[in-house]
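Those protein sequences? They're chains A and B, same order as listed.
In this text, residue positions in the first sequence follow the numbering used here: the first is 1, and each later residue adds one.
In this text, residue positions in the second sequence follow the numbering used here: the first is 1, and each later residue adds one.
Calculated directly from the structure, the hints in this document are not laboratory data.
Ideal Cβ positions, reconstructed from N, Cα and C, are used throughout, including at glycine.
One thing to keep in mind: the hints can contain errors.
Stated by the list, open to error - Heads up, incomplete: computed chain A residues facing chain B, CB under 8 Å, no partners named:
# : residue
1 : 45
2 : 49
3 : 84
4 : 85
5 : 87
6 : 88
7 : 130
To be verified - Calculated from the model, a selection of chain A residues having no Cβ within reach of chain B, i.e. all distances over 12 Å:
#  : residue
8  : 3
9  : 4
10 : 31
11 : 34
12 : 86
13 : 133
14 : 136
15 : 138
16 : 185
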Amino acid sequence: MALVPVRAEGLGKTFGRGETAVQALSDVHLVVAAGEVVGLRGPSGSGKSTLLNLIACIQEPTAGRLLLDDEVVWDGRYRITDLRRLRRERIGFIFQFHNLLPFLNAVDNVALAMTLAGTAPADARLRARELLDELQVGRRALAMPSRLSGGEAQRVAIARALANRPRIILADEPTAALDSERARVVLDLLRQVAQVQQAAVLVVTHDEKIFDRFDRLVALRDGRIE
Amino acid sequence: MNLALADIRHKLGRFLLTCLGLGLLMGVALSMVGIYQGVVTEALALSRSLAADLWVVESGTRGPFAESSRLPGDVREMVARLPGVAAAGSITLRTAEAHAPQGIIRVQVMGYEPGRPGGPLAIDEGRGLGGARRELVADSRARLPPGATILLGGDRYRVVGTTRGLVSSGGDPLVFVHLHDSQDLQFKLAPPTARRALAAGGGAGSTDTVNAVIARLHPGADPALVAETVRRWKHLAALTDAEQSDLLTRSVINRARVQLGMFTVVLLFVSAVIIALIIYTMTMDKLREIATLKLIGAPDRMIIGLVLQQALLLGGVGYIAAVGWVFAVRDVFPRTVALGVAEVAVMAGVIGVICLLASLLSIRAALRIEPQAALGG
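Use the sequences and the hints to build the structure in full.
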């Protein structure tokens, strides 16, 4: 039976304590299967980014259970000590504003993610080139991020997210800075990756133009799934 | 790939400008170290150049540098006859203003008897004093070439030679003249009432007075023992060369030394604060990049390496610039900027430590950046 990349069971997050406590997420149940592209929508302050942070293990839940690839990651405390290793080996991130390191060219931005995971620099560069070619930005491999168009930069960012063949891809408003045509292309790319790599893709978005590109849309309101 | 170098390459112009600014600041601190060393070197230059083993001065004084000392001219013969003394020479010392071709200059006039201890050990250009009167050997700092003439105490002196690096503890260049000329000068530059009294045969007495007698000892002679013998004459005191050097550095230039030392410490402290602020700003400029690195799994040592390497490179390049400009302009300074390999190396170490300490604040800030700072707009 295939492992389930993301499983949240009654996940909750409360910021602060006592009278000033704010319930950001409450009793969230979410499963993202391998090869599935799920959209996460909701108004500002509904808890989308918090849920993404919890799944990415960059914020600690306060209730429930989180399993990645059926392995319990959090159930009242973290079961995995090296969370950065978990992130670099299993999770790929795509950001709203691509977040490429401005001092590295496109190929080095992608290769860095691999060298962090232990790949030799030469091999990392080779694979980074291949990835950029696959994403049709190979000819811009040596360009600095400031020289890339929005669409090109986002493709490089996707290449970086895919560099270590992650089981989970978390994307925070990846199409916010793109026009609708490019936004659809990005989503199609993510879908392709999800299917080829059998990865779970969870995308936070407000962008109604791409709602039809998801396998499933999950709506959040006031920290709860509708 | 080295992230620190890549980031510097990306903003090379800004980095170099920062280094240049920092280099100017470090250069000021380095100059202060050089001036501090220069004050000590200058203070000891004359004493070392005379190669005296013993200084005989007036009883109850620590002359001739720390206090005024007057001895009768015949003390030299007395000292020369002491067991263990190889040679003795009388010297006079006084500060005077001279009319030189380039204008009025302030000099320290030293009178001695050619052929006896008291003259410069080495002549840089021209020759030493001969038998003729009104000749003068000047230090190169006075900018008087051989053949030039100056007016000193109303008399015209001709420069016959130059020395190098011989200045008083106040930084005035030394000029050497014949002992008799200097005694004349003492009289001519004395207050008018004293001159009148002396001319009338009363007052201060003979003009055959000197400020000190310096002695060179036979090899194996104990300076302390000879000094003890001199002190038996109640009107004389004696200092060994080591005591004289100690007196010069601890007493004569002590206040200037401490002042410069404290100013250097303040400058280094200011440099440390500025370096810390620059490194902190450089780190905060990369807040989002550091958060992204953390998010994609970069270990803390990579973040620490990024900040630390940039701090050390900033300090290193800035310091190279500082050494470059200080060495290029140090001869323009009116006083000696004595910088050798030791001073430059020690200062490099101090700058390195400052950069390390200054980067701690930035490293702390970088490690506290949360990965989620990379998310969102």
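Hints and how they fare:
no.	hint	verdict
1	45	violated, 12 Å
2	49	holds, 6 Å
3	84	holds, 5 Å
4	85	holds, 6 Å
5	87	holds, 5 Å
6	88	holds, 2 Å
7	130	violated, 18 Å
8	3	holds, 21 Å
9	4	holds, 22 Å
10	31	holds, 22 Å
11	34	holds, 21 Å
12	86	violated, 8 Å
13	133	holds, 20 Å
14	136	holds, 23 Å
15	138	holds, 19 Å
16	185	holds, 21 Å
Comparing the model with each numbered hint stated earlier shows that hints 1, 7 and 12 do not hold.
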